[in-house]
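Kindly generate the complete structure, drawing on both the sequences and the hints.
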Amino acid sequence: MLIHSTRHAQWLSNSWLVADKTGGDAVLIDSGGPSAEIDAFISEHNLSLRHVLCTHHHYDHVANNAHYRQVHDCQICAHRNESSLLEGEIVELSDQQLIGCGGLEIRCLHIPGHTSGQLAFQINDQALFTGDTLFAGSVGGTQAPDHTSFDDLQHSIMEVLFALPLSTTIYPGHMQCSTLDDEWQNNPFVRAWRGIDHFSEQDCLVDGKPAKLLLRAVDYDGGTKCWVRSDDNVLNVVAGSTVQS
5 MLIHSTRHAQ WLSNSWLVAD KTGGDAVLID SGGPSAEIDA FISEHNLSLR
55 HVLCTHHHYD HVANNAHYRQ VHDCQICAHR NESSLLEGEI VELSDQQLIG
105 CGGLEIRCLH IPGHTSGQLA FQINDQALFT GDTLFAGSVG GTQAPDHTSF
155 DDLQHSIMEV LFALPLSTTI YPGHMQCSTL DDEWQNNPFV RAWRGIDHFS
205 EQDCLVDGKP AKLLLRAVDY DGGTKCWVRS DDNVLNVVAG STVQS
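Using the numbering used here, the letters of the sequence shown map in sequence onto residues 5 to 249.
If you're looking for bench data, these hints aren't it; they were derived computationally from the structure.
Glycine included, each C-beta is placed from N, C-alpha and C at the ideal position.
Hints are not guaranteed to be accurate.
Beta-carbon label-pair distances, calculated as ranges [said to hold, decoys possible]:
1. Q74 - E205: 49 to 57 Å
2. M5 - Q100: 20 to 28 Å
3. E205 - H71: 41 to 49 Å
4. V238 - N50: 45 to 53 Å
Below is the structure:
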């Protein structure tokens, strides 16, 4: 299995090209990364790009969908909850759906929270593409456009992703790879939700509104991500820049 990636310099969003072999079939997970290097890799390795698999509809992950559709005549695929939010013809995906692509077997996992139709893609039981749900050292936020809830995000991470073998390598929507085991052991949010690390509630302001800060940790971009509880007892994961403590 071949895996090649590009990363947008400003958004830090990854595009992951996965092929079964040189001269074989390929899929692209998210199209927000620079397309020229992906096109060059496809040409160099004589690959046939069959599908662009969208983890979610946010622009930094789908910016080059039209390019790949036009240049490679491939299908653009997304969860049915978000197909209407994307341009052009979309192949709708659902939870646990299997996609065959040459020697690749791709399982779609519905992991709402960051968005309503967020998907992870497990390929050949080896690689897990987690979108904006689980990062190296951090987790996705629950205040982005089309978000659902903290409960959804926590369930998606703790009950869906961590139900897979801990040896699995994860390929996030932003920045570097990790493994499920590394995140189980070291991710501050996961450790708090496992009850390993204890936290104390601190008074704070979130977008100027009173709240409680439960956890602040380094995010993938070098800033911070915060787990907070609002005055009406609603939990969220938010950008640290919105939290004053």
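Consistency of the hints with the structure:
| no. | hint | in the structure |
| --- | --- | --- |
| 1 | Q74 - E205: 49 to 57 Å | 51 Å, holds |
| 2 | M5 - Q100: 20 to 28 Å | 21 Å, holds |
| 3 | E205 - H71: 41 to 49 Å | 47 Å, holds |
| 4 | V238 - N50: 45 to 53 Å | 52 Å, holds |
Consistency with the previously given hints is maintained throughout, with no hint failing.
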